[in-house]
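In case you want the letters, here they are:
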Amino acid sequence: MNQHLLYSLAAVLVLGLIGYAGGSGMPYLFGVIIPYAAMVLFFAGFAMRMLGWVKSPVPFRIPTTCGQQQSFSWIQHSKYDNPSNKRDVLVRMLLEIFLFRSLFRNTKNEIREGKVVYNLEIWLWLFGLIFHYSFLVVLVRHLRFFLEPIPALLKVVEMLDGILQIGLPGILLSGFLLLGAALFLFARRILIPQVRYISLTADYFPVLLIASIAGTGILMRYVAKVDIFTVKQMTMSLATFSPVVPEGIGGLFYAHFFLVCVLFAYFPFSKLMHSGGIFLSPTRNMANNSRAVRHINPWNPKLKFVTYADYEDEFREKMIEAGLPVEKKE
Amino acid sequence: MSDKLKVLAGLLVLAVLITLPFWLNAGKSGAAPEIVIAEAAKKAGNCVESKEWMAANHMALLDQWRDVVVREGKHIYVSESGQEFNMSLSSGENSCLGCHTSTAEFCDSCHDYTGVGTLYCWECHIDPSKENK
Amino acid sequence: MVDIPNADELIQIDRTPGKESWMDVPPDLSEGRFCYPAKPKTLEYLGLPNARVWSPSDEDWQLPPDWQKIVHEGFKERLDKYRSLKVFMDICVRCGACADKCHYYIGSGDPKNMPVLRAELLRSIYRNDFTMAGKILGRIAGARKLTPQVIKEWFSYFYQCTECRRCSVYCPYGIDTAEITMMARELLNLLGLNINWIKDPVANCSRTGNHLGIQPQNMVEIIDFFCDDIEEITGVRPNPTFNRKGAEVLFITPSGDAFADPGTYTYMGYLMLFEAIGLDYTISTYASEGGNFGLFTSSDMMKKINAKMYHEAERLGVKWILGGECGHMWRVINQYMDTMNGPTGPKMEIPKSPITGTVFKNAASTKMVHIAEFTADLIRNGKLNLKPGRNDHLKVTYHDSCNPARAMGMLDEPRYVLQNVCNNFYEMPENTIREQTFCCGSGSGLNTEEIMELRMRGGLPRANAVKHVHDKYGVNMLSCVCAIDRAVLPPLMDYWVPGVSVTGLHELVGNALVLDGEHERETNLRFEPLENAEGADE
Amino acid sequence: MKESRRKFLKIAGVSAIGIGTGSVLTAFASSGSKEEKAAQAAGARFKHRAESLKAGHWGMVIDTRKIDADLAAKIQETCHSIHNVPGIEGKQELKWIWPSDYKHVFPMQTNPYVSEQLKKAPILALCNHCENPPCVRVCPTKATFQREDGIIMMDFHRCIGCRFCMAGCPYGARSFNFRDPKPFIKEMDPMYPHRMIGVVEKCNFCDERLARGQMPACVEVSKGAILFGDLDDPDSNVRKALRANTTIRRKPSLGTSPSVYYIV
Amino acid sequence: MLEKAINGSSKYWIWIASLLLIIGVAGLAWMKQLDQGLVITGMSRDVTWGFYIAQFTFLVGVAAGGVMLVLPYYLHDYKAFGRITVLGEFLAIASIVMCLLFIIADMGFPSRLMNVIIYASPDSMLFWDMIVLNGYLFLNILVGWNVLEAERNGVPAKKWVKIFALISIPWAFGIHTVTAYLYCGLPGRGFWLSAIIAPRFLASAFAAGPAFLIILATILKKTTGFDSGEKALRTLSKIVCYALIANVFFFICEVFVVFYSQNPEHMDHFIYLFWGTGNLVPFMWASMILMVTGIVLLLIPKYRNNLSLLPWICGIVFIGTWLDKGLGFVTGGFVPNPLHEYTEYAPTALELVISMGIFATGFLVLTLLFKMVVGIKQESGDTTPH
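Protein chains in written order, with our numbering: chain A, 1 to 330; chain B, 1001 to 1133; chain C, 2001 to 2538; chain D, 3001 to 3264; chain E, 4001 to 4386.
In case anyone wonders, no lab produced these hints; they're calculated from the structure. Given the structure is predicted, the values throughout are model-derived calculations rather than measurements. Just so it is clear, CB atoms sit at the ideal spot from N, CA and C, and this is done for glycine as well. Warning: the hint list may mix true and false statements.
To be verified - With a straight-line Cα cutoff of 30 Å, these simulated DSSO-like cross-link-like pairs (lysine-lysine) come out: (1) 2245(C) / 79(A); (2) 4221(E) / 2395(C); (3) 271(A) / 2076(C); (4) 2039(C) / 2019(C); (5) 79(A) / 2383(C); (6) 328(A) / 86(A); (7) 2081(C) / 55(A); (8) 271(A) / 2152(C); (9) 302(A) / 2245(C); (10) 2245(C) / 2135(C); (11) 4158(E) / 2472(C); (12) 3182(D) / 155(A); (13) 1130(B) / 302(A); (14) 4302(E) / 4158(E); (15) 4231(E) / 4162(E); (16) 3103(D) / 3240(D); (17) 328(A) / 304(A); (18) 2395(C) / 2319(C); (19) 4371(E) / 4221(E); (20) 2039(C) / 2135(C); (21) 2145(C) / 55(A); (22) 86(A) / 2352(C); (23) 3240(D) / 3186(D); (24) 2081(C) / 86(A); (25) 4162(E) / 2472(C); (26) 4302(E) / 4221(E); (27) 2041(C) / 304(A); (28) 3186(D) / 3091(D); (29) 2152(C) / 2019(C); (30) 328(A) / 318(A); (31) 4159(E) / 4222(E); (32) 271(A) / 2319(C).
Unchecked claim - Every beta carbon over 10 Å from chain B, so not counted as near; a handful from chain A, in silico: (33) 51; (34) 97; (35) 109; (36) 169; (37) 211; (38) 229; (39) 233; (40) 240.
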């Protein structure tokens, strides 16, 4: 097996076991210290990365233009593919962030019968969307552990998530969608030779980590149940800065909780920072108006170039011979 | 606005989102509700299975019960300790609500607190404590 | 020169990557797989480091002694100067959407030609040198040490990228391999690693004002020839002026148009157009190059070469600059020129067409207009007398050059012109045009002979799309607005789609254009007889 | 140690319970007999009540001669009140047992010269608990099913409200909750649940009463006009009555073999 | 290819927006139905299926009708259908989507719909209907998409696509047969208890489906310039004609059996529909008249081959078969009820609004799919037959 995959599987497994065992051995460490530390690390790390990026200037205006530029009134301008002002850039960014528009364009090609053919490849877009949105819903749903009383809006979200009445406790779709989409993304990484070839530990690990988080969450809800009342007492104590660690919460919960902490702590130092980076991508967040509005490069160097005078000095005779006007006649 | 300011503003929003629970909980105790064990339940001394087990698994047990009662016509559950129970949510003395007389105090307080979904039991099964009001 | 396999063999492409990790696969630097390095003389003229005689197939590349430090420092400097580099190093999730968007990958099946892996060549070093995880975990974190083999790999693969930006269109974060390649080529330059086909034109351009090294008197002669030809064909002689102060417009086009067929016909087209409308323009022998091979080597070089345009405009006192048909020239003009060398001097004005009065607001600051925009505006306002029937023997398709498409978005202006100057226009499949257009396979300074097989491979998707319309509609003319295209598409067509010729947009304009007082034309600008000469659409 | 092992067994047990009774995780594969096995393996045990009445196949004999309008109304009223059947009027009504007349209950068995008594008699219509029930056949979720003792049951927890069973029933015995029944129930009987919007319901032969050792409510209030017993037992009251009287069943030609017999 | 569906003129977007508006309004109505129950419909204890299930039944037919293009093309290599077969497949997709939505709209407890899979019951025809409908949806998406994509790429479709296309042919017959089996296996419902229901369904499907396609083809030509080809339309019109004749013939067979045998269990439904006092009588007669008119017009070559008249004739056929199957068939089976009582049924306004929403959804799907087809035909310059 591929070493990157092996490391990731092992890491997730070991981390899960650490959480499982750690919860009963050192509940205060795993229930209080690590979670707070993870949150601090997440935010501090995130901020550090963003500020680190923004510290470097954007010397040139380099949007990738994906449509017709703004020129004449009688030529239809592709406003959101080739924005020429901030408002349209904003729309382009929103479409990118909420609908993964660039990925929607994706196709796959192959050579068949001497032809390059282009086929549908919508699955990455589709499962990518499902993955991110179900993750969002799962995240929002979990706010119920940190709020008391629980806002009505959260209850609505939960009601919609559980709209299909299946079993008891009722199935919440987002969890399964998240797990399913994560497994799809993982399977894709293993099954498509090209994607396997480019995949690193840093690619397998987060998707396995998230799948394990979803998996342990599902296990806790539907199979090996934990005492949710005690869990909420604990999470509320964290949310009100008066941490207590009640007894009798199962190891599975700590495994889940620890993996979540790992995810948060790992987030800023991983490719997951694409969530912040997408806002700073100069090919997407700039307007294509550099012919109309001058863009400033803060480190624009002064460089010596061959001036007309240098040129004329070199070619003066030939120029005169050719009847070209010159500045200095010798 | 420079990019740096924009990023700082974004980070501020992120910080607020992350700490949202702290803000929303501010000034509230967030304490867990007291679970009131009704007199009848206290008298009975023990539930169908151990308290902890029931807390975690009652919904699965009820799910199983309803199938066994409706589909197999069996109404008696023999617990691990050998005690027999009437598999019924609300009908009569030996049912769940026979002991736990108040759904508001027993079921709802905990369900509301943990937010584990709305109970649809009472859309069909009669809750005497509410019916009488 | 290495023989290249025929088209039927070349298209048998295996895209399955090998079992070994890509980090362990050495680059293939055998003859025919690399561009020749620049000559010491050239480097010395340009003041670039480590000038020496060497060959990429050598085991020892004679790197300077502290080469690792040079690369590390250079990398750091660029991370601090370019947010794009920093962000692109960090946020790639390796989703693989870009993988088969690269024409080199499609044509070669070499996994390191997947844009994501091309960037990883740089990222692996970035992780090693600049990230905590990479320093501690090494290979597990996808990091690797900077070894001479890495440098060789960079040289191999960053000169197998034409900076066409197609991958960037599909990337969910807009990661632009062109940006990464530009950085990598800058780093290579710090070690004196560069290719002759880029450095030579750069040196020429510095000295003579154009890539091809055409000296002033020759430039005047060449254009005089064009005027002769035009006079012979039409009976009307255009009278261009050179280095004339006080002209309204300075015209700059890539020197390739003056030098090689079929670009020369395009140049004739320009001259006829200006004659037809009576434009007050001049041509500079100093700023006689539209293109900018500096773009393909370093930002400083690009700036230096580009500086001549405004410098000359200022000196001649023109109001604005009209730019000819060229691809990367327009990337520089659209995205870099004003930032690097602007703002323009006080004499220049917002471009306004003296014929139609149209103000080109989209060029308000740079003050430079694309000739396709200019001509489209003329046609739209009915200022040109056109006989598209003269192009009836042609079935024309249009190749969007990468840079005007993806670094500017000039898509419909040339199409509008085309539809007015010829009657048979067919689009290639939609996956291969407009912003999804495929590179000619030889952009960014790779149009050199010694890598002909690579060029044919890289041009495969473009050629295949041409073949599609050639088979379906009998298309026999591929039009484009790029000088590199005009130079490299003819061999590409000969190889993959024999029977298709290549033309610039303004050659077709020149053919369709009716000049005041012209006599009946018997040939087109290529001196090919017009079958149904005249009257085709009367 | 002991404690934790016990705990572990419990967890394993409940997972198995969950699996066994159609909890989602593996419900796809489960079937009736497996359910029970899984449940038993898990150490959970279920029993019939000692007092519950059992039979090989429950059957009912209705002596139409002994039922007048008042009694019929009382029977209906009793049945509907203990089962919390809502009192909705009109074409979206719900009913488990109701008096109709001979020509409707036996539409193809009537004749122009039927006796005056029969012509006027209120004939009780209810679910026939067919031996070969079309409603069970058509149900896409097994929400309506046949118990071993012949009772055709409705599982309100599982019904999806497709109403295929209503189309399948040749006796019009089924009703659908077109609306929330709650406001239409005069007095809630706490011993039996009512229904939600969107499920089908019908007579269940008072399964809940049989389990408590009681006869169906209609039998109890019928003053002997309705007999209920084991059709498999030759000595049961119903078999005796069937031996002693001429009885007919509804729509015999359909092959459904109703378990409700009418003495006419 | 999907991008074709999201790039269009302002007229296109106005059309899409109006469909979305209808869907939105219907969505609100459906929310009301979810809240209050099916009480908002005209259905009753006696007539338990109404407008929803009738539309479902009819649309299964429209979906199956697509096979009248697929079959001649794939089995007999009938070239004239080659370039519009995909239209038939995409019409089937849109129809099946509507079918599934109508079933969900008709459910009393839609949130439990997964029970059909969780508690799979092979005894129930509804289970099989779920399987065949979803299977047919999948087959048509698979085949339609791949064929179109291959066409766009200018290469022949892959071999396996043809295998699935061939499977889809019996499958099309299957969907309507199983849908007929929903009805004709119920012992107590004399109106439906007839072996000729499935053939009747198929015949009317093969009339209504192609008739609708002809109408759509005409609209496509008017709005987009895409020409399905005269030859294809003429062949389709013959198919409509003969299928319609078969439909009426089967109906006559049914009528003969029922009335010659004089069996009241069966006869009373016909009497109710054609000579009763109920709501449906005029509609049933209208249906008969329209179908017979359709046959007469289609039989006369002068009218059949008149391509500007043909869509109107197809309209007549379509409405005629719709009145028969989408209105009379379902309700007619419920009245009189098993106790021989007569309960009238008429859909309520809300029921109709929800139905309109589902039709609008179907048209939305159809529009997006057809937009894609036309876009690709235009791209490849194949808007007129060669």
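For each hint, the structure was consulted:
A threshold of 30 Å between alpha carbons decides the hint, and for residue 2245(C) with residue 79(A) the separation of about 39 Å lies outside it, so the pair is violated. Proposed proximity of residue 4221(E) and residue 2395(C) is supported: the alpha carbons are some 27 Å apart, at most 30 Å. Taken as a hint, the residue 271(A) and residue 2076(C) pair is honoured in the structure, with Cα atoms around 20 Å apart against an allowance of 30 Å. Restraint check: the Cα-Cα separation between residue 2039(C) and residue 2019(C) comes to about 38 Å, which exceeds 30 Å; the hinted pair is violated.
Between the alpha carbons of residue 79(A) and residue 2383(C) the distance comes to roughly 29 Å, so the proposed pair stays at or under 30 Å and holds. For a cut-off of 30 Å, the pair hint linking residue 328(A) to residue 86(A) is broken: about 48 Å separates their Cα positions. For the suggested pair residue 2081(C) and residue 55(A), the alpha carbons sit about 9 Å apart, so the restraint of at most 30 Å is met. Taking the CA atoms of residue 271(A) and residue 2152(C), the gap is near 27 Å; set against the 30 Å cutoff, the hint holds.
Between the alpha carbons of residue 302(A) and residue 2245(C) the distance comes to roughly 27 Å, so the proposed pair stays at or under 30 Å and holds. Only pairs whose Cα atoms come within 30 Å are accepted, and residue 2245(C) paired with residue 2135(C) is rejected, the gap being roughly 60 Å. A hinted pair counts as satisfied when its Cα atoms are at most 30 Å apart, and residue 4158(E) with residue 2472(C) qualifies at roughly 21 Å. Distance check on the hinted pair: residue 3182(D) and residue 155(A) sit about 24 Å apart at the alpha-carbon level, within 30 Å; holds.
Note on residue 1130(B) and residue 302(A): the hinted pairing is violated, with a Cα-Cα distance of about 84 Å set against a maximum of 30 Å. This hinted pair does not check out: residue 4302(E) and residue 4158(E) have alpha carbons roughly 41 Å apart, beyond 30 Å. Proximity of residue 4231(E) to residue 4162(E) is assessed by CA-CA distance (about 23 Å); at most 30 Å being required, the pair is judged to hold. Note on residue 3103(D) and residue 3240(D): the hinted pairing holds, with a Cα-Cα distance of about 27 Å set against a maximum of 30 Å.
At most 30 Å may separate the alpha-carbon atoms for a hinted pair to count; residue 328(A) and residue 304(A) meet this at roughly 21 Å. Taking the CA atoms of residue 2395(C) and residue 2319(C), the gap is near 38 Å; set against the 30 Å cutoff, the hint is violated. Of the pairs offered as hints, the one joining residue 4371(E) and residue 4221(E) holds, with about 12 Å between alpha carbons and a cut-off of 30 Å not exceeded. Distance check on the hinted pair: residue 2039(C) and residue 2135(C) sit about 37 Å apart at the alpha-carbon level, beyond 30 Å; violated.
The straight-line distance between the Cα atoms of residue 2145(C) and residue 55(A) is roughly 27 Å, inside the 30 Å bound, and the hint therefore holds. Using a Cα cut-off of 30 Å, the hinted pair residue 86(A) and residue 2352(C) holds, with the two alpha carbons roughly 26 Å apart. Taking the CA atoms of residue 3240(D) and residue 3186(D), the gap is about 39 Å. The hint is violated against a cut of 30 Å. At roughly 24 Å between alpha-carbon atoms, residue 2081(C) and residue 86(A) fall within 30 Å of each other, so this suggested pair holds.
For the given pair, residue 4162(E) sits about 24 Å from residue 2472(C) by alpha-carbon distance, which is consistent with the 30 Å threshold. Annotation: proposed proximity of residue 4302(E) to residue 4221(E) holds, straight-line Cα distance about 22 Å (limit 30 Å). Straight-line distance between C-alpha atoms of residue 2041(C) and residue 304(A) comes to about 20 Å, which keeps the hinted pair within the 30 Å bound. At most 30 Å may separate the alpha-carbon atoms for a hinted pair to count; residue 3186(D) and residue 3091(D) meet this at roughly 19 Å.
At most 30 Å may separate the alpha-carbon atoms for a hinted pair to count; residue 2152(C) and residue 2019(C) meet this at roughly 21 Å. The suggested pairing of residue 328(A) with residue 318(A) holds, with an alpha-carbon distance near 13 Å, which does not exceed 30 Å. Annotation: proposed proximity of residue 4159(E) to residue 4222(E) is violated, straight-line Cα distance about 35 Å (limit 30 Å). Of the supplied pair hints, the one linking residue 271(A) and residue 2319(C) is violated, its CA atoms being roughly 49 Å apart against a limit of 30 Å.
The Cβ of residue 51(A) does not lie farther than 10 Å from every Cβ of chain B; its closest approach is about 6 Å, which violates its non-interface assignment. The non-interface label for residue 97(A) is consistent with chain B: the shortest C-beta to C-beta separation is roughly 12 Å, beyond 10 Å. Its beta-carbon lying about 37 Å from the closest one in chain B, residue 109(A) satisfies the requirement of being farther than 10 Å from that chain. Taking the minimum C-beta to C-beta distance to chain B, about 5 Å, the non-interface status of residue 169(A) is violated against the 10 Å cut.
Annotated as non-interface, residue 211(A) keeps its C-beta farther than 10 Å from every C-beta of chain B; the closest such distance is 23 Å. Separation of residue 229(A) from chain B is inadequate, the least Cβ-Cβ distance of about 6 Å not exceeding the 10 Å criterion. The non-interface label for residue 233(A) is inconsistent with chain B: the shortest C-beta to C-beta separation is roughly 5 Å, within 10 Å. Distance check for residue 240(A) against chain B: the nearest CB is about 5 Å away, which does not clear 10 Å, and the non-interface claim fails.
Hint compliance for this structure: hints 1, 4, 6, 10, 13, 14, 18, 20, 23, 31, 32, 33, 36, 38, 39 and 40 are broken, all remaining hints hold.
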